[in-house]
Amino acid sequence: MASTTVISGTAARWNDLATRNQLVGFGDFTLRGAGQVMFQNNPVTGLLFLLGITWGAFAEHLPQVAIGAWLAVIVSSLTAVVLRLDKVSMRSGLYGYNGVLVGCAVPTFLHNDATMWVWVVIGSIASVIVMLAVTNVVEAWGVSALTFPFVLTSWFLLLSAYAFANTPVTGIGPAAFAQQASATAAQANWTISAVLEAIFAGVSQVFLINNAITGIIFVIALVASSSWAGGFALFGSAVALVFTQLVGANGSNVEAGLFAFSAVLTAIALGSVFYEPSWPVLIYTTFGVIFTVIVQAAMDMLLVPLGIPTLTAPFVFATWLFLLPKLDLTRSRRATVTTQAAS
Amino acid sequence: MASTTVISGTAARWNDLATRNQLVGFGDFTLRGAGQVMFQNNPVTGLLFLLGITWGAFAEHLPQVAIGAWLAVIVSSLTAVVLRLDKVSMRSGLYGYNGVLVGCAVPTFLHNDATMWVWVVIGSIASVIVMLAVTNVVEAWGVSALTFPFVLTSWFLLLSAYAFANTPVTGIGPAAFAQQASATAAQANWTISAVLEAIFAGVSQVFLINNAITGIIFVIALVASSSWAGGFALFGSAVALVFTQLVGANGSNVEAGLFAFSAVLTAIALGSVFYEPSWPVLIYTTFGVIFTVIVQAAMDMLLVPLGIPTLTAPFVFATWLFLLPKLDLTRSRRATVTTQAAS
Amino acid sequence: MASTTVISGTAARWNDLATRNQLVGFGDFTLRGAGQVMFQNNPVTGLLFLLGITWGAFAEHLPQVAIGAWLAVIVSSLTAVVLRLDKVSMRSGLYGYNGVLVGCAVPTFLHNDATMWVWVVIGSIASVIVMLAVTNVVEAWGVSALTFPFVLTSWFLLLSAYAFANTPVTGIGPAAFAQQASATAAQANWTISAVLEAIFAGVSQVFLINNAITGIIFVIALVASSSWAGGFALFGSAVALVFTQLVGANGSNVEAGLFAFSAVLTAIALGSVFYEPSWPVLIYTTFGVIFTVIVQAAMDMLLVPLGIPTLTAPFVFATWLFLLPKLDLTRSRRATVTTQAAS
Numbered sequence: 014m015a016s017t018t019v020i021s022g023t024a025a026r027w028n029d030l031a032t033r034n035q036l037v038g039f040g041d042f043t044l045r046g047a048g049q050v051m052f053q054n055n056p057v058t059g060l061l062f063l064l065g066i067t068w069g070a071f072a073e074h075l076p077q078v079a080i081g082a083w084l085a086v087i088v089s090s091l092t093a094v095v096l097r098l099d100k101v102s103m104r105s106g107l108y109g110y111n112g113v114l115v116g117c118a119v120p121t122f123l124h125n126d127a128t129m130w131v132w133v134v135i136g137s138i139a140s141v142i143v144m145l146a147v148t149n150v151v152e153a154w155g156v157s158a159l160t161f162p163f164v165l166t167s168w169f170l171l172l173s174a175y176a177f178a179n180t181p182v183t184g185i186g187p188a189a190f191a192q193q194a195s196a197t198a199a200q201a202n203w204t205i206s207a208v209l210e211a212i213f214a215g216v217s218q219v220f221l222i223n224n225a226i227t228g229i230i231f232v233i234a235l236v237a238s239s240s241w242a243g244g245f246a247l248f249g250s251a252v253a254l255v256f257t258q259l260v261g262a263n264g265s266n267v268e269a270g271l272f273a274f275s276a277v278l279t280a281i282a283l284g285s286v287f288y289e290p291s292w293p294v295l296i297y298t299t300f301g302v303i304f305t306v307i308v309q310a311a312m313d314m315l316l317v318p319l320g321i322p323t324l325t326a327p328f329v330f331a332t333w334l335f336l337l338p339k340l341d342l343t344r345s346r347r348a349t350v351t352t353q354a355a356s
Numbered sequence: 014m015a016s017t018t019v020i021s022g023t024a025a026r027w028n029d030l031a032t033r034n035q036l037v038g039f040g041d042f043t044l045r046g047a048g049q050v051m052f053q054n055n056p057v058t059g060l061l062f063l064l065g066i067t068w069g070a071f072a073e074h075l076p077q078v079a080i081g082a083w084l085a086v087i088v089s090s091l092t093a094v095v096l097r098l099d100k101v102s103m104r105s106g107l108y109g110y111n112g113v114l115v116g117c118a119v120p121t122f123l124h125n126d127a128t129m130w131v132w133v134v135i136g137s138i139a140s141v142i143v144m145l146a147v148t149n150v151v152e153a154w155g156v157s158a159l160t161f162p163f164v165l166t167s168w169f170l171l172l173s174a175y176a177f178a179n180t181p182v183t184g185i186g187p188a189a190f191a192q193q194a195s196a197t198a199a200q201a202n203w204t205i206s207a208v209l210e211a212i213f214a215g216v217s218q219v220f221l222i223n224n225a226i227t228g229i230i231f232v233i234a235l236v237a238s239s240s241w242a243g244g245f246a247l248f249g250s251a252v253a254l255v256f257t258q259l260v261g262a263n264g265s266n267v268e269a270g271l272f273a274f275s276a277v278l279t280a281i282a283l284g285s286v287f288y289e290p291s292w293p294v295l296i297y298t299t300f301g302v303i304f305t306v307i308v309q310a311a312m313d314m315l316l317v318p319l320g321i322p323t324l325t326a327p328f329v330f331a332t333w334l335f336l337l338p339k340l341d342l343t344r345s346r347r348a349t350v351t352t353q354a355a356s
Numbered sequence: 014m015a016s017t018t019v020i021s022g023t024a025a026r027w028n029d030l031a032t033r034n035q036l037v038g039f040g041d042f043t044l045r046g047a048g049q050v051m052f053q054n055n056p057v058t059g060l061l062f063l064l065g066i067t068w069g070a071f072a073e074h075l076p077q078v079a080i081g082a083w084l085a086v087i088v089s090s091l092t093a094v095v096l097r098l099d100k101v102s103m104r105s106g107l108y109g110y111n112g113v114l115v116g117c118a119v120p121t122f123l124h125n126d127a128t129m130w131v132w133v134v135i136g137s138i139a140s141v142i143v144m145l146a147v148t149n150v151v152e153a154w155g156v157s158a159l160t161f162p163f164v165l166t167s168w169f170l171l172l173s174a175y176a177f178a179n180t181p182v183t184g185i186g187p188a189a190f191a192q193q194a195s196a197t198a199a200q201a202n203w204t205i206s207a208v209l210e211a212i213f214a215g216v217s218q219v220f221l222i223n224n225a226i227t228g229i230i231f232v233i234a235l236v237a238s239s240s241w242a243g244g245f246a247l248f249g250s251a252v253a254l255v256f257t258q259l260v261g262a263n264g265s266n267v268e269a270g271l272f273a274f275s276a277v278l279t280a281i282a283l284g285s286v287f288y289e290p291s292w293p294v295l296i297y298t299t300f301g302v303i304f305t306v307i308v309q310a311a312m313d314m315l316l317v318p319l320g321i322p323t324l325t326a327p328f329v330f331a332t333w334l335f336l337l338p339k340l341d342l343t344r345s346r347r348a349t350v351t352t353q354a355a356s
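Here the protein sequences come in this chain order: G, U and Y.
Take 14 as the starting number for the first sequence in this note's numbering and just add one per residue.
Take 14 as the starting number for the second sequence in this note's numbering and just add one per residue.
Take 14 as the starting number for the third sequence in this note's numbering and just add one per residue.
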């Protein structure tokens, strides 16, 4: 109780400072931008996400991914300031969450030289414009843009990189035809620690990091804002793991969390953001997570001949399909201001 | 006259029974779900469709396609009941027609083992959710979802199957680059019986069956509900046959009705459902059918590198493009309750 | 001043004649259809566009491209008359600009024999129906169809051509996997005359012509209607040239204007049509042009495995993304009647 009071006192002082001091205010909504990747309008969550990315990027010997994330979220926030966008949405971090993902994705898949950084900056700026465009399109149906602006912007950046000599693609490809998965490749050695590592790697892959410690930091970051969000993140990753093993997915991809990151986001979105947790919602979310894993696998096959990754598109498409029916499952939308639904 | 009176008396008693008895009511709208694949809100049509599928599936030594169709239409209808969806739409069969098609498509293209049946059940449930989602999106423009929920759900299921060892794809693929069709492959031996077989096969392929007798059963099923629908089905198939022969399509694909099934659906939709039959409508429908065949060929080429079939997507896209202009061709929409336009 | 008076006097007499004489009226809006490809509701601009196409087509020894353009714009206009479409839109040329592009594209990419001309006629008619459909979809968001009806119709026509023996594809393909561009291929010998030729070729490629003189005629045609439009066309082509050289695009494709034509259209649209020229608009337009070049390169890679060209899709998608945010940059939309926004 005492510690809760201390925390809420600190939070109140921080919010007060962010309102009065423009630089603190900028830092505040930039961090909230990172937090909004998993729907959390919370600067502490955002800061922990960025620290988790930094840890994982250095552990993978890809420091450029950490630098990209920090640079991109700042450039995106600056773009929103320069374009004088809606203040409420800006302060909720809604113009930063696509940028931070662009900043993780571009250095993960392109060779680390000068033009790559131009791509990061162009992508961060463009992600804000695409966010406005996508929001204006989908708000007619009462759904939010989710991470589709990140996906669309990054697909353009990564596909175009094949056409230019100064932006070699190194983290994926080359393009090939999809092949039927073999039973041999599906085998994995599931010790308890391997299962836990895979579950947390699934969470860390939301930011394109394959690192269980980063996954643990992310879950702590979520719990700092919402215990339900943290719980559903782990639930989504676990359901994806079990389902993919039952149907014979590639074992090393399962271990790397590559079937789970979209499922994690769907689980948070359906289970804790757009519906209030309840038994019917849990059943609906579980089915939504399984459907997300099928869409993930389908889009992996779809993009193999193009040599680009799905990014979080499977989460976006599956979650849209499960929100658009507007089913009444003791449902109550949160105030749009504090989620990605605002515009 | 006497027999018409008998039929309408029987129909009245059936409808009365379906309202009073929940099990009969469930059977009634499940059969109507099968009928709605070709826009007929009629349980007799639906029953004949399912019998035609059963005949053709056994004739092709693919009994799993028949079982899939029956299972899927029941699971879809049950899903609608469990989700407590709109009663009027439910009783018109609007939550069953995508499911029955999923139940035909999955066993046609995946190897017949345990996980395939899991795919059928997941697909049948998902088809209802996707139906609600697609309807909510497209009703803004005054068009109905057509069979797009089936197409989208099945594309996800079939593409994802390549990624899993337990769901081998056998009925299509492997992925390849599209090649220019050759004049040699375009040759076919068009006796009168071959022409008739191809026309009826085009109708039977609406449910992914290649069997002229099934096609005849389907036409009888249509006539039981609407003579115009039966006539336009044959007209669409015949126009597709003539056009594809003129431009040099692959002869054995033409014989198998693979250029005709989308044309059949476009012809029924434009000629008898969304417009009242008339001379201007006939001309517009004929052009729409030719355009559908072009879209069919285009999408065949589009999907060859992915190793998945077009399903009825060419019908959906072409019919949307021809309905969206909302041209006044002595046009009168039917009541939305009795067609797929309801939601 | 004197010559301006003469010109406006002639224009007034022409408009008067076009209202009274049905044949002159038909010629008037057919020419305006050609002009609307670059947003100019002006018969002189349209006539000069058609003459520029004719010059370039004969210079490339592809007279069928010129014949296709003239034939298609007439067939499209006739289709609008037969369908009794909205008179104001018709007289502004809004039912002709997609057709004229279909008439350039089909003869550029298909072998010149009888069936190719059937494709041109089907495509010209279909482009009007697709124009109505696309307009009805996108007007909900306050944007116009741009050249998407042309793109969609032509993609169907060109992809389907692979499936038919009588419509061999010759101008593009065969399908292949995208490869990383090499530094060697990026080299080009940029003399001043080569730079100028490439800039004007970029303008001429809007109508799929690779000819600097055609490009000069097109710029003159634009200036006859709007100096800003002419200036932004050259600006867009120049920015595309500089950007693609900096990032290492294929040199001979840059020389042929293949990275510039979509950029030219984006520059005209953002810089002079949907916004009033100003410094903030110039900055926004420049970023939009760079983004268009990235989308152009991305879509080139996307379509390599399908063996079809991007056409003006990169312009359409980038311009939609930059218009949908509805940013206030001292912006004022022109009256919808005189631009492609009308319906």
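No lab work stands behind these hints, which were simulated from the structure alone.
Watch out, some of these pointers could steer you wrong.
To be verified - Pulled from the structure, derived: some chain G residues nowhere near chain U, Cβ distances all over 10 Å:
#, residue
1, V95
2, V131
3, I135
4, A199
5, V236
6, G261
7, Q309
8, K339
To be verified - Here chain U is said to cover these stretches of chain Y; the calculated rule only asks that three of the stretch's residues, wherever they fall, bring their Cβ under 8 Å from a Cβ of chain U:
#, segment
9, 134–144
10, 187–195
11, 315–325
12, 332–338
The beta carbon of each residue, even a glycine, is placed where N, CA and C say it ideally should be.
Going down the list of hints, with the structure as the test:
{"no.": "1", "hint": "V95", "verdict": "holds (33 Å)"}
{"no.": "2", "hint": "V131", "verdict": "holds (31 Å)"}
{"no.": "3", "hint": "I135", "verdict": "holds (29 Å)"}
{"no.": "4", "hint": "A199", "verdict": "violated (4 Å)"}
{"no.": "5", "hint": "V236", "verdict": "holds (30 Å)"}
{"no.": "6", "hint": "G261", "verdict": "violated (3 Å)"}
{"no.": "7", "hint": "Q309", "verdict": "violated (8 Å)"}
{"no.": "8", "hint": "K339", "verdict": "violated (7 Å)"}
{"no.": "9", "hint": "134–144", "verdict": "holds (count 5)"}
{"no.": "10", "hint": "187–195", "verdict": "holds (count 3)"}
{"no.": "11", "hint": "315–325", "verdict": "holds (count 3)"}
{"no.": "12", "hint": "332–338", "verdict": "violated (count 0)"}
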